[in-house]
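Number of protein chains: 2
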Amino acid sequence: MGCGVTAPLHPDVEPLAFLLGTWSGEGRCEHPTIEHFAYDETVVFGHVGKPFLAYTQRTVRNGMPAHAEVGYLRAVGAGRIELVLAHPTGVAEIEEGTVEDGRIELRSMGVLRSSTAKDVVALERSFTVEGGVLSYEVRMAAVGLPLQHHLAAELRRVPE
Amino acid sequence: MGCGVTAPLHPDVEPLAFLLGTWSGEGRCEHPTIEHFAYDETVVFGHVGKPFLAYTQRTVRNGMPAHAEVGYLRAVGAGRIELVLAHPTGVAEIEEGTVEDGRIELRSMGVLRSSTAKDVVALERSFTVEGGVLSYEVRMAAVGLPLQHHLAAELRRVPE
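Residue numbers (numbering that gives the first Met the number 0), protein chains in the order written: chain Y, 0 to 159; chain S, 0 to 159.
Read the hints as simulated data drawn from the structure, not as lab findings.
All values derive from a computational prediction rather than experimental measurement.
A few of these clues could be false.
No copy is singled out in the list; a pair is fine if it fits within one copy or between any two copies.
Straight-line Cα separation of at most 25 Å, SDA-like style, residue types lysine to any residue; simulated pairs [claimed, not checked]: (1) K117 with E136; (2) K117 with L8; (3) K117 with H9; (4) K117 with G45; (5) K117 with P14; (6) K117 with L144; (7) K117 with A77.
I would like the entire structure built from these sequences, with the hints used as guidance.
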């Protein structure tokens, strides 16, 4: 999705149009349970003319694929948005929140864990685009620890 | 994922290797709440050398994008598998089941619905590959109706 699509943007996702395209840069992972590290990241927001964006995220660490996540960012009216996500770690989640003036705030409404997944309880995310830089932060409650800073990255748009 | 990846297949996903590649063909949608219809479908299973496959599905109806879903099919040992899925309809789900002799059986372990999603309660899926044809069936419990046949398709491998 997002590759070669010629459909016009659905009017409901116009408030999210600033995200469209491919972004890459560096992120930092921090959590009390692991050693902190940096990663390279690519994020793609695409559309097919429907009232949602397709979202794909991949990271690389030490030249090897690391995390990934995929899903959809739905525009449901009046600045309300819903992020539906699948993680290869066995976690599926829905976050809901708002988009306003190029800033996105999302918070877990539910997290599903497969039988073998880690104990992720809740996630919060913010995205902003300023000066051509997409910045995000992810806060996570997991493995018995309360919601706290987990990930942050700054990504720049990759020319088409 | 699956495009240009040169990593060797993770040994845990060898029982799923028969799915790798791009498949396309026709499916049929049936449910008491809607008029039955046919759709064109493309499914891609890829990998990056980790113990899961990346799964992407898109359908087209009357020349327009229709359904889509994305996620990951995890191999967790002893023929057990876990499917983590995001739908643009506001549904996230985890299905668990088995792979044995080229046949996959999966059943919902949990379904999350966003505030604006339809009332999907449970899904079951089977996949088989026989004679070069990937066939699947999806059964769904939703909108007050019990689990019943919903989707079936037969897809053929698209040459690389």
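Violated hints, by number in ascending order, as checked against the structure:
none
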